[in-house]
Each structure stands twice: as structure tokens, then as C-alpha cells.
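A.B. asks: Next come the chains, spelled out residue by residue.
Number of protein chains: 6
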Amino acid sequence: MGTPTDKTRFDGRAADELRPVTIETDFTEAPEASVLITMGKTRVLCSASVEDSVPRWMRDAEPAKGWVTAEYSMIPGATAPRFRRERRGAGGRTREIERLVGRSLRAVCDLEKLPGHTIWLDCDVLQADGGTRTAAITGAFVALALACGRLVERGAIAEMPIRQSLAAISCGVIGEQVLLDLPYEEDSKADVDMNVVMTGDGRFVEVQGTGEESTYSHAELLAMLELAGKGIAELSAAQQAALPQEPIYAKLFKKA
Amino acid sequence: MGTPTDKTRFDGRAADELRPVTIETDFTEAPEASVLITMGKTRVLCSASVEDSVPRWMRDAEPAKGWVTAEYSMIPGATAPRFRRERRGAGGRTREIERLVGRSLRAVCDLEKLPGHTIWLDCDVLQADGGTRTAAITGAFVALALACGRLVERGAIAEMPIRQSLAAISCGVIGEQVLLDLPYEEDSKADVDMNVVMTGDGRFVEVQGTGEESTYSHAELLAMLELAGKGIAELSAAQQAALPQEPIYAKLFKKA
Amino acid sequence: MGTPTDKTRFDGRAADELRPVTIETDFTEAPEASVLITMGKTRVLCSASVEDSVPRWMRDAEPAKGWVTAEYSMIPGATAPRFRRERRGAGGRTREIERLVGRSLRAVCDLEKLPGHTIWLDCDVLQADGGTRTAAITGAFVALALACGRLVERGAIAEMPIRQSLAAISCGVIGEQVLLDLPYEEDSKADVDMNVVMTGDGRFVEVQGTGEESTYSHAELLAMLELAGKGIAELSAAQQAALPQEPIYAKLFKKA
Amino acid sequence: MGTPTDKTRFDGRAADELRPVTIETDFTEAPEASVLITMGKTRVLCSASVEDSVPRWMRDAEPAKGWVTAEYSMIPGATAPRFRRERRGAGGRTREIERLVGRSLRAVCDLEKLPGHTIWLDCDVLQADGGTRTAAITGAFVALALACGRLVERGAIAEMPIRQSLAAISCGVIGEQVLLDLPYEEDSKADVDMNVVMTGDGRFVEVQGTGEESTYSHAELLAMLELAGKGIAELSAAQQAALPQEPIYAKLFKKA
Amino acid sequence: MGTPTDKTRFDGRAADELRPVTIETDFTEAPEASVLITMGKTRVLCSASVEDSVPRWMRDAEPAKGWVTAEYSMIPGATAPRFRRERRGAGGRTREIERLVGRSLRAVCDLEKLPGHTIWLDCDVLQADGGTRTAAITGAFVALALACGRLVERGAIAEMPIRQSLAAISCGVIGEQVLLDLPYEEDSKADVDMNVVMTGDGRFVEVQGTGEESTYSHAELLAMLELAGKGIAELSAAQQAALPQEPIYAKLFKKA
Amino acid sequence: MGTPTDKTRFDGRAADELRPVTIETDFTEAPEASVLITMGKTRVLCSASVEDSVPRWMRDAEPAKGWVTAEYSMIPGATAPRFRRERRGAGGRTREIERLVGRSLRAVCDLEKLPGHTIWLDCDVLQADGGTRTAAITGAFVALALACGRLVERGAIAEMPIRQSLAAISCGVIGEQVLLDLPYEEDSKADVDMNVVMTGDGRFVEVQGTGEESTYSHAELLAMLELAGKGIAELSAAQQAALPQEPIYAKLFKKA
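Protein chains in written order, with our numbering: chain A, 8 to 263; chain B, 8 to 263; chain C, 8 to 263; chain D, 8 to 263; chain E, 8 to 263; chain F, 8 to 263.
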């Protein structure tokens, strides 16, 4: 496996280096909170909309709970060639991503602290260059945190329903090299593609490692997990910097 | 009818005054051209994607032609409360807008100068505060012009397939007042709602005037058309300013 | 522009002349009222069915209201070649027409006088030769009036929920000529296509003027509106003649 | 079982008596042939549209063949209460009727005499009062014969692709009585409901006898078949009378 | 017509001979009852699942009732070539079969003895070699009886809601021969195809006889009904043998 | 973490013990190969159907290739309460599983050795008690191998297009215990749920570990992977035993 510090990637990055990340809050005003996250050329607009009701199946839960769910979509202009709008039902890939984003966010939530509310995290990809699902999770977490902070602030809920921060990153194997944060160019030729969702204090929420018409060894698996951990730590810092510098948010980023 | 210069509107504008307009080109890089148009709080991302084929029904046209078509969508976070994603087929309003945008753009195109190409204009509303369909037309025209200019530049087509510029604006009647460019706050209480699409040199492409559980007189119709003409002239200037200051684009804005 | 009295059209009509119009009431007996309207070869069966409930979203309205809505469809044999049945959801054109018909009828209704009832106006095109949407509106108004008259008669509602009569007609520009009531033959080569919905006393409900890969001048717009006004007056007379000669219907056709 | 000549039915008919039947050809002009069939209050518009191609799966058949198929639909105003339009796919009952109509017509066709053509029989029910599927078959046969006669006349095909005539009728059992041609009033309380499709010379094409939450005996089955035979003979005469009195049609009604 | 005892069929059977039948109960444990029925190579898994509610439209029935309904599906591997999964809505054939199975079962049920319960009969075809719909009915009856017996046993309902047993078989005409229980090989070349559903004591529930691009005589109809009666009697015996030898089931098979 | 050898599970198994596994080949005859795999109460019928064409997008591949794809479905009777048939499009969970099964199988295939053929692996769950997706993969591999072996045998392809064997198993964490092969009872209360797909010689194809409203540590991840490895080895042996004892299959199970 390649030495992580070699700057040998097509875009000049080291194997363990993230693309430039920016997290801009309140890009739009209509939802409770919105975040435009940019990782290289990948740009995802994550909106957190609050609805004052919960899905039918959890209405009679005791004690009362809230719900956090996600939708994911790419606008047609996000890719070249143009991506065809999914108007006859979301495709398999889209549904899989939506389920992943929603499940990941709920893993760090205490839904009993959000009674009677549903928060929709809409992740609309404005430009896609690899890693849209992980960018969506990282951005959606910030939008969710901001929306929850505001609900607390205006007294709609009593306390923060989030236990800790969450971010996600991709890594992969190309030939002999283990790489962090793959853009489309690399992703399309990777032998192994892994997405890792972790909390800010280093526990796993989701690990999905897929051989792309290929298989991988135990050693490669461990190497990818290590790179992912490094990337998540950096994303975690970027998330914290993008949020207001207030205790209610700071607590989410405390290490165990 | 009210005097157009009274600054009596809820947001301090005069009756014949547009909301602040900005037109930002190349907000994303994936499509051939993209434009983020902002009119007050309404923000629409218009992407022009070029496909090297034409719809089946026009493949054997003699002489060969191209095609220009549009899709329109609102992201869920564009409104509060959240707008439900149209995944089981676009609704009636969406289809009506898409047909309007595509038809309007084609009215100023010479499709024989775009042989073998389809240009998709995707209008994705990032924030909706009234006038999204007219903002979509105004922004999509700029994206279309820019995409065509680039096709000419790199030799994919021989000359500009656009005859002249195009923009659109809404106007309406509330009680006795005839108003230009209605945000949601005004739109929701208007008795009459009119959308006007005009060329830069003052000809009509589309006039749609609708009584909202109400009717209107010939005089009101004429007053609305006059306001629309004034607004279109200003939008036309903003479009020209947003495009590169080159002859290929300047020609589109010449008056008759 | 051509002189409206020249009999120069392919079917021998003058520019400002309607096709032969017949309005036959109670063509079928199942619905509350039904109307078979014929304009030249265009034939539309308009049924008014009454339902004793209102859409969910208006159930709690204060004061109680009723609802008027429309559906539009062409039977496959209405055209040659055969028109494909819209079984996988109504297409964009169909939805646009349905919205237009429903909105137009509601513009002359006082829905508070129809509390608790929904009237469905189903416009099924049996033969299509241009102008189906305007024939649908003109016929549906008669079916609606008749259904409402009968509801009053049998005491289901206290008074007529319609303020005044309504009719619709198309006009267009072909080359230099401004023409009234275009059959398919003319419609397919028109540069401008306009649909006008007006009340019997001459106010606008809807004006939709579309350049077909073309644009039009202010003077042409005014000329089309004038022809439309003449046509609407004649249709209005035909509607009144088709309804029972009773005061409850006569009132709808009084001039302002 | 009751004596067939007792005039004891709610509408004054004898047990073995058809409702008044009228068959009006060329009710509309757009399709190759159209027939408006009326049986009591049931009215079905049957259009025969000719398409100059065949379904993909039979394109390479040797020898070349044609195809005959049917669609069935009720307009919403056909019933009270209003029938909901089937826009999200035809329902089970509709599909079953369409399959029955198409299969029945094909049973008397020689598809090799219709090479390269598809004939669509669209059966649109304008008013429904029981027996719509059998009226559809009886009417569609006339439209099909007329369309084929015209294809022969103008030389599109060499000879008549129909071997003999076809008609259909319902019968049923209510309590002890075996009845012919049931309107809705009787149909809704029948214990057994049978639809019979027969050729003009008395052979079966389709027999469908259904116990409605009930069962029936061998004797009842035979009694129903006898009534059906009588009804079919009368319908056959009405079909022949409605068609042009020319040898090409007369041949279809010859007895074996 | 051939003599029923000639062993001249491609698989060595006599004209009036069934394929080998096996009925295995409780092939799976999850539903209230399940039956794997095998007729030659045709294998259908029939599950009876009980739900403690009834469809909305019958909730307020007086006296309270239950419901029995069926669904039918073929797994893709049931045929060669592979059968395409019906994921965009069940096709016409599927719906027709489901309606037939449900209607047939209800014809022998007394739904007032099943108050508040719905029994779903799911007929999943694991292998298809002709006669799947009749095998589904024969198997589903056994699953239904077993499920009802168990509901009575554990006191969920007071008495057996089934009046008598039910089975189904196909027969047909090939050339001059009238045959019982057609596998695919014969079915695909039959001129007439008949499905008969009868009670164990010899009354008809459903008779569906279809000329396949052909017609049939009265004599052929009677011959098919006779064969069917013989087959049903044998299936009835197999059903009784497959059920527990207890009075509650034995009563269903008593002759009139 | 618990000692793997404690027999403390609700069904008496040790933490590292599989449920009883049976793999029955040729349960049905219609497809090229079929396998009924049983793991405890979970039963999945896996059919391999061969089609002599490839998807459109790979038709012009150079060199020519084949395709392997999967579909997954549960019959309604597979669960109690009854599972609702997915007739309006497969749901998110179903699509995710289908993508997983297809991708996993392709990871051990050499598609260039299957030129011009598509193999469909249909995994129909007859009874579901946890672990259906992993049972589907394990069973589908056997069906795929058998189908490919037969294609080689009859000369349709030149050599085996599979590189090595493949199996899958679930594991999870409940409280402090790390467990192998979770039935529904355990799965529904697991904090972490992991599915592992591995080759017979111990390389990873897919690792998917999900915190269920929970997170997990690096140590727990390693413990789960170890259990999975043990389970896969046992499944691999069962697969080999179920296949014919011939060299063409034996080669797939050789250790690296």
C-alpha cells in the first residue's frame, strides 16, 4: 500500500488528504436551517425543515417521540452528461442513500427529546463530483444541529435532541493505493469503495465497504478505516467552526 | 387604479418597481452554462445542458433541426412549510410551467441553426417567494444564450440560434392597485394574476392573465401590460449586463 | 391585418365568424346535467355530477363552502390518427386544460352558496377539430348552470351560486390575418394562438395568448381581443337559448 | 323457473325480452368507423381506428398478419354517483372487459387477411345501466365490420378479414327467475350473472357464468344459454340492419 | 369427439384423467395456514393470512361481516423463459385471476360468520405448467378451510364460515378431442379453453369457456362440463384427504 | 463481550453458532437451476434463469461480455402479519437488497467468460425469519454455479465464468454480546447489525455494519468480522456439499 503522504494523486493531493471543504450556513432562508456544503466540486444544499407532526406509525408512542428523516436528490445540471430527473419514483441508488442519511442522523439523536416534531433533511446535490452521499451526511448534520438549536432557543423543545456530532467520508483502494475522499475521476476506477459514518468522538455509525467487481483483504479494510478516521476528525472540526460558537453546539463535539 | 409611483407596498416598493435582481453566471460548472437568478427572495438555478441528439419525432426533419426544452422543479426546502417532492409524476402546475418555459424560449430560437443538438434548460427553484416561473424564464434565457455562445465558440454550431432576447415578469391587481413583480405575500391576495413574456424589443411571446375567483376589465388588462413592458425592459438590461460584453450576445438585445 | 368580413377562409367563413354551434342539453341522464356542445366538427360531452361532500382541505372552512372542479379527456376515437388513452397519468396538456376549465368556472361562482357540495364538470371530447378547451368551457358552463338550477329547485341549496354567465373562444393570427374560432386545419399553422374566457357582460376571466415559435405585436393582441369579444357575445346568446327560459337562468345573462 | 312470457319485470319486459336496441353508425367522423349502440339506457360509443402497423411481437410473423384489439372505458358522467376516472392504470374490471372484447372479436377474424394493420376498437361508455360489456361487443362488431368493409373498398386489404358476425348478451337468475338482458336494477340483485358471446350462426365464442356469492345448477345453466341464444339472434338482426345492405356485409350473417 | 378412455395424450393420460395431484399442508409456518398444491409440474403455494380488520367499505355493515380476498402471482423462475416480475402494477391476466379466485371462494362462504376478520389467500405460483388458476383455487380452498378451522378452534370465531367445499379444473378441445386438465403443451394448442369452478356437491360457481381464435358448439360445451364434473369430484376427494380427519372439515364435503 | 461458546441464546445456540442450514438443489425444474436454501425458519427459493441477450448498454462492449443480475422479493405469506405485495414499485429495502445481491455475485464473476448471456438470480423469500438477504446470496451463489456448470456442459460457454465461491452471513451486537446469524427475534433488538459477504478463501466482497439508533466501537467491529469469517467457512462447506462432486465446482472452493 502507498505511503499516505505521497502527493501522487491526479489533483495533487496526498493519499490521506481531504478536498477543500467549505460549510456555508443559511444559504437560503425558507427552511429552519440550510447548509451549502462544498467538497472540491461536489456541492450539496442541505435543508432542515420542521413539521409539527410525526409519522402515523409513531403517533401513539409512549413516551412521545419525534422523527428525523432524509431525502436526497440530484438536480439534472449536477452532472455532465445531464442527470435525468427521477419523476417516476426514486431509483435504487437514491433510496439507498436516503435510507443511509436518515439512519445515520437518527443514530446520534434522542428522539424522545423532539416530541411531536419531524425534521426533514433534504439533501439536494447542486454539483456532483464523487462523495455526494458523505457530503450530504456531513452537511445535513450541521443543518440538523442548527435547526434543533433554534427549536431549543424559541422554546419549541426543552433540550438538544442530539447526543453528539456526526460526519462521513469515502475512501477506497485503487491498485495498491489506499486513498481518502475520492472524486468521480478516482471513484470510477476504484477496486474497493468504502463509505464510513462516524461520530465526532470516533465511534462507528455505519461502515459500507464494497468490492467493485473485486474483493479486498483484512489489511486493506483496516487501512481504509484508519484513513476514514483521520478525515472524519477534520470534517468534525469544519462542522464545529461553521456552527455558532455557543455551548449548545460545542457540547456535541466533545471527545469521550 | 393607484398611481404607480406611490411607495405604498408592504416592502416599500413603488407599484411599478421590480424587486432587487441579480444574475450570477456559472454558479456551477458541470452544465454547459448555469445561471443563479435572484429576484428578492426568489432564487432559481437555471442550467443549460447540451445533448448531442434530438427527440425521436424530429430525427428525420428536413432540414435538420435542434430542440430546446425545459424542466422546472422546486427543492423541498424552497418553501415553508416544506414543499413535497414530486416523485410520483410532476403535478399540473409544474407541467404547465415547464411547457410555458420551453415554448417561450423556442419562440426566439431558430432551431435550424442548432442541428442535431438538444438544449435542456433545468430550472431548479432553491427558494420560492412568488414569480418563480418568470424568474425561471429570465434566468433560463441567459443560460441558453451563454450555452449557445459557447457552442458557436467551439465550432459545434455555425451561428447563434437565438434571434433576440427574452424575459418575463408577473403583474397583478389587488383591489384598485395594479402592481409589478408580486412576491408571495401579494400574490396570495391578488384578484388578477398576469404573467407576461416579451422579447427585448417589446413584442409579446406569451400573455397569461387569470382572474383569481374574480374577473377584470379591459382597462386593467392594458394597465398590467404597460407595467409589464417597463419591467421587461429593466430585466433585459440586467440580462445583457450579466452576459459577456461581446458582439454575439449584444446583437440579441438590439431594439427593432 | 385582413378585413374581418372577407370570406376567405378554407371553410368559407369570414374572419370573424364562428363555426356552427349547437348546444344539446340532457344528452345523457345519469349526471345531474349533461350538455353535448358541437362547434363545427368539435364535439364535447360536458357532464355535471354533484357529490355531497367537499375536498378535505376545505372541510373546516368558515363559512362553509362548496367546490367546483373539472376534468378533461379525449376519447381515443376523437382524432385520426387515434389518440392514445392517458392511463399512466394525465399529460401536461390535459392538466393545463383541466386547471383552466375549473379556474374559469370558479371565477363566476360564489362558493359559499354551494355549501357542502362539489360539482364535477367532466368534459369528454368525442371529436376534436380545434378549440376543444374553449368548447369545453362554454358547454361546461351550461351544464353547471343547469345542475345548480336543479339543486335550487329541489331545495338542496338556497340560491343560485353563479354570478353571471361565462363562455370561451379561440382566436389567432395566420400571416397577416386575425381569425376567430380556429379549427385544427388553421390552428396547426397559426403564428399566434389565443384563448379568451369572458363573462357574458364582457369582463375577462382568462386571456392566454401564445406565440407559436413566433411573437406578436400590441396591435395584434388588441385585434384578437376584439374578435374574441364578438364571438363570446354570440356564444353567450347560444347558451341562453339552450337553457330553460326561466328567470333563474335569465339573470345570469344580464348585461352590466 | 318462471315462464319466459310473463311480463313481470320492473320495467314491464318479459323474461326473454331485450331492452330497446338502436345502432347508429358514423356518430363521429374521425375514426374509420364509429357506432353508437343503445340498449335501454346503456349507451356505448364504439370507434374503429386503423393503424398501419402491427404490435412488435407479431412483426416478423410468416405469413404476415394483422391485429385486432380493444380498449374499454367509462366516462365519469356515465353513472350516478360519478365514476372515478382510471388515470393511475385501468382497474381489474376494465382490463378483464378489454381482454374479453378483443378476444371475442379476434375469434371471428382471419388475421392473415389484415396484413400490416391494427384495428383498435375503443368502447367508451357514455351511459351505463347494466350490460355495458355485451353492448360494447355487439357495437364493436359493427364498427369493425364497417371499418374492414371500407378498407376493402379502398383497396387497403384484398378481402374481408371477418368470417362471420358476433354479438353478446347478458342473462341471469334472480330467485327462481331466469332473465335476459339485465339492467343495473336487476343485475345488482342477481344470484347468477352470465355473459354469452355467440356468432350469428349460433356457436359459442365465450360463456362466462358467475355465481354472485351463490351457486347454480346444471338446469339453470342450460336455461340461461337458451335465453342468450334467443337474444343473440335478435341482436344479430339489428346489426345486419344497421350495416349497409351490401353483399360484403350480408355474407357475415349467413346461417350455417 | 374422442372416447375419454383412450390413452392418447402426449403424457400418456386418458382424455378424462387428471395429472398426479398432491396437497401438502403447512409447507410454511408463518401464515395461519399454507398449502403447497402440485398438479403435474404446476406448483402453487397458497397461504391464508388472517388480519383482524375488514376493508373500509364494509366496516359499518349490519350485521358485522368478514372478508375473503385473493392475490395471485408467479415467481420469475416459474416459467422458462423467465417470467417478468409485475412491479409496475399487476397485468390484466393477473387481475382477472385474482378476481376469479376471490369471487369463487366467497361464493361458498358465509361472511357473517367471520365478523371483523379478513382472510388473504395468496397464491404464489412456484412452477407453472398450465392450470395455475384452477390449482390456485383448489389449493386456496384447503388453506382457507384450515385457517377457518383454526380460528374456530381458538375461539376467534364461533363457527365455520364455509358452507361447502370448492375446487376447480380446466378442460378444453383440441381438434376433435375433449380433454381434462391441460398442461401448457396442450393448452397452447387448444381451440377452446374452459375453466370450471364447482362445489363438492356438484353445483357451478363459475364457468368460463373461451374460444381461442375459434368457436365451439353446444355439444362440445356439454362434453367439457361433464369432464369437469368428473375431475372436480376427484379433486374434492384429494382436498378432504389433505385436511385433518375431523368433523368440522368433513361436513364441508357432504353431498346434497 | 460474551464468550462465543456460551449457549445462552433464546434458541439454545452458542454465540458463534449458525442456525441449521440445508441447501436443496433443483426444487423446481423450469429455470436453468434452482436452490431452496433454509437457515432455521428462513427459506429462500433462488432461481437462475438464463437469457440469450445482454442489457442494451453493454451490447457493444469489446470484448463481448455477459451480465449477472438479481431480484429479491418476499411472498406475502412469508411473514406474520402478512407482508404487503410490492406492486407499485419495489421499496427502498428491496432495491437495496437486490443491488447488494447482484453486486456481490458479480464480484466473483469474470463476465467476459459469459459472452452474450444474462443470468437472472431471482431470490423469492418463502418464509422470513431474519437473514433473508444473506441467505439469498448464499443460495443464489449455488444456483449461479449450477447454471454456469450446465452452460459449460452443453457448450453454450467455453469455461466457468466464476472465479471462486461466495457466501454471506449476518452478525450483530446485543448489549455486550457479539452474535452470529441473527433470527428476527434477535435482529429486532440488536444495537448493531452487520452483513458480511466473503469469498470462500476469506476475502471481503461487502461489509455493511449499521448502528441501529446506536454506535459501535473498533473492537466490536473486529469481533463481528471474526464471527462472520467462521460462519462463512461453514456455509462454504455446505455450498460445496450441495453441488455435484465434480472438478468444475470443486475448483471454486479452493483456498488461496
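Hints are supplied without guarantee of correctness; some may be wrong.
Where chains are identical, the list cannot tell them apart; a pair therefore holds if satisfied intra-copy or between any two copies.
[What the hints assert, rightly or not] No more than 25 Å apart at the CA atoms, straight line, and that leaves these computed lysine to aspartate or glutamate pairs for DMTMM-like:
#	residue 1	residue 2
1	Lys237	Glu36
2	Lys262	Asp208
3	Lys196	Glu24
4	Lys48	Glu31
5	Lys120	Asp198
6	Lys261	Glu192
7	Lys262	Glu58
8	Lys237	Glu166
9	Lys262	Glu93
10	Lys48	Glu36
11	Lys48	Asp117
12	Lys262	Asp194
13	Lys237	Glu219
14	Lys262	Glu183
15	Lys48	Asp33
16	Lys196	Glu69
17	Lys261	Glu193
18	Lys72	Glu58
19	Lys120	Glu219
20	Lys262	Asp59
In case anyone wonders, no lab produced these hints; they're calculated from the structure. Since we're looking at a predicted model, the values are computed, not measured.
A.B. asks: Hints the structure violates: just list their numbers, smallest first.
C.D. replies: 1, 6, 7, 8, 9, 11, 12, 17, 20
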